[in-house]
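Visitor: Put together the whole structure using the sequences plus the hints.
Read off the chains here:
Protein chains: 2
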Amino acid sequence: MSSVEIERLIGLLAKLPGLGPRSARRAVLHLLKKRESLGDPLTRSLAEVLEGVRPCSVCGNFDTTDPCAICADPRRDDAVLCVVPDVADIWALERTAAFRGRYHVLGGLLSPLDGTGPEELAFSTLVARAGNGQVREVILALPATVDGQTTAHYAADRLSGLEIRVTVPAHGLPVGGELEFLDDGTIAAALRARRSVE
Amino acid sequence: MSSVEIERLIGLLAKLPGLGPRSARRAVLHLLKKRESLGDPLTRSLAEVLEGVRPCSVCGNFDTTDPCAICADPRRDDAVLCVVPDVADIWALERTAAFRGRYHVLGGLLSPLDGTGPEELAFSTLVARAGNGQVREVILALPATVDGQTTAHYAADRLSGLEIRVTVPAHGLPVGGELEFLDDGTIAAALRARRSVE
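Protein chains in written order, with our numbering: chain A, 1 to 198; chain B, 1001 to 1198.
Possibly wrong hints are sitting among the right ones.
Said to hold, decoys possible - To list a few chain B residues with every Cβ distance to chain A over 12 Å, as calculated:
{"#": "1", "residue": "G1018"}
{"#": "2", "residue": "A1024"}
{"#": "3", "residue": "A1027"}
Said to hold, decoys possible - Subject to a maximum C-alpha distance of 16 Å in a straight line, what follows is the list of computed EDC-like cross-link-like pairs (lysine to aspartate or glutamate):
{"#": "4", "chain 1": "A", "residue 1": "K33", "chain 2": "B", "residue 2": "D1089"}
{"#": "5", "chain 1": "A", "residue 1": "K33", "chain 2": "B", "residue 2": "E1051"}
{"#": "6", "chain 1": "B", "residue 1": "K1033", "chain 2": "A", "residue 2": "E51"}
{"#": "7", "chain 1": "B", "residue 1": "K1034", "chain 2": "A", "residue 2": "D86"}
{"#": "8", "chain 1": "A", "residue 1": "K34", "chain 2": "B", "residue 2": "E1051"}
{"#": "9", "chain 1": "B", "residue 1": "K1033", "chain 2": "A", "residue 2": "E120"}
{"#": "10", "chain 1": "A", "residue 1": "K15", "chain 2": "B", "residue 2": "D1089"}
{"#": "11", "chain 1": "B", "residue 1": "K1033", "chain 2": "A", "residue 2": "E36"}
{"#": "12", "chain 1": "B", "residue 1": "K1015", "chain 2": "A", "residue 2": "D77"}
{"#": "13", "chain 1": "A", "residue 1": "K15", "chain 2": "B", "residue 2": "D1040"}
{"#": "14", "chain 1": "A", "residue 1": "K33", "chain 2": "B", "residue 2": "E1094"}
To be clear, the hints were calculated from the coordinates, so they are not data collected in a lab.
Being a predicted model, the structure only gives us computed values, none of them experimental.
All C-beta atoms in this analysis are idealised placements derived from N, C-alpha and C, irrespective of residue type, glycine included.
Guide: Printed below as a string of structure tokens:
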């Protein structure tokens, strides 16, 4: 029997991906024992991030600044736009340091089964950005799943009227694998071997 | 490339048991996306627990009150004291509702290899509580490991001068456990402690 406050915290922590009720319980005890070295700094850091971090109005990345650090970086290539489903994919791509262009977060994948249609995703802003005159190539970095490929086809269709190259990363990506969980080498190799969509 | 603030939060979350850098990353994204329903309530709950929850000065349990709810409960049996290494063990025992006495948290196990000696653990307060005239039995609920058994022997030795019964929980087959998947030590202990069928 632990207190109501502790049970509430365990319940909330258990909702995080990768944690269940048992590991949440262990985590709370760990936080209470390491109050000064972990608990208090974690609480402050969490409040700071939730307070200060917002989606970038240009690309959809999460950052404390808007536009985000990537969008605001003058050294990055405005001519190449990399379309990803999620912010996690930006982080995965940035870890490889294999891409120096700009990003565009769709906010998910087209999924008839889940009821995710084009209106739910950031396609209009993608077309607007891709047609701004500076962009010469759009890389559709979408997973090799049914939803991912459906989304890639739809995106290529929406972009087809523009005078730009639309590419996809090479099929070095394992079928069914999501970008977020892949090793850096595979992601980098797939980017280097990207090809035009016919 | 995520912001310094996000990286710091990922680093802190990754220190929790059961989370690594990858799952911490996913957790942070999840918190940012579910800001209202999860992120903000979790931050408030965490602050509340770290602010309000303290170790009970009697038994060592964590609670918002001191003495804790268990120590303050007049319906519990003052005659039986259950010695556990950690607060997590109190929670595990309380979930079973099989024990209605009081607890005493040692704060760990004797471990010559880790340099944990008797001074680091709550043995003096254990002897004082066990000798208060009300306690008639001390249950040493310690794990069946080398450190656990060393600690149990030491505790039994420290308590030997008192007019009380010192017991340990039975070792045997876990309820629902199949012989085939159990370790040799458990099977051997269960066999040694066999009893007649009435």
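Visitor: Hint by hint, note whether the structure agrees.
Guide: Verification of the supplied hints:
1. G1018: violated, 4 Å
2. A1024: Non-interface label on A1024(B) violated, nearest chain A Cβ at 8 Å vs cutoff 12 Å.
3. A1027: The claim is violated: A1027(B) sits with its nearest Cβ about 4 Å from chain A, within 12 Å.
4. K33(A) with D1089(B): The hint holds at about 15 Å.
5. K33(A) with E1051(B): holds, 13 Å
6. K1033(B) with E51(A): Distance ~13 Å between K1033(B) and E51(A) Cα, so the pair holds.
7. K1034(B) with D86(A): Roughly 14 Å between the alpha carbons, so the hint for K1034(B) and D86(A) holds.
8. K34(A) with E1051(B): Given pair K34(A), E1051(B) holds - Cα atoms ~13 Å apart, limit 16 Å.
9. K1033(B) with E120(A): Distance of about 15 Å is within 16 Å: holds.
10. K15(A) with D1089(B): Distance of about 23 Å is beyond 16 Å: violated.
11. K1033(B) with E36(A): violated, 28 Å
12. K1015(B) with D77(A): Violated. K1015(B) to D77(A) sits at ~36 Å, over the 16 Å cutoff.
13. K15(A) with D1040(B): holds, 13 Å
14. K33(A) with E1094(B): Violated, because 20 Å separates the two Cα atoms, which is more than 16 Å.
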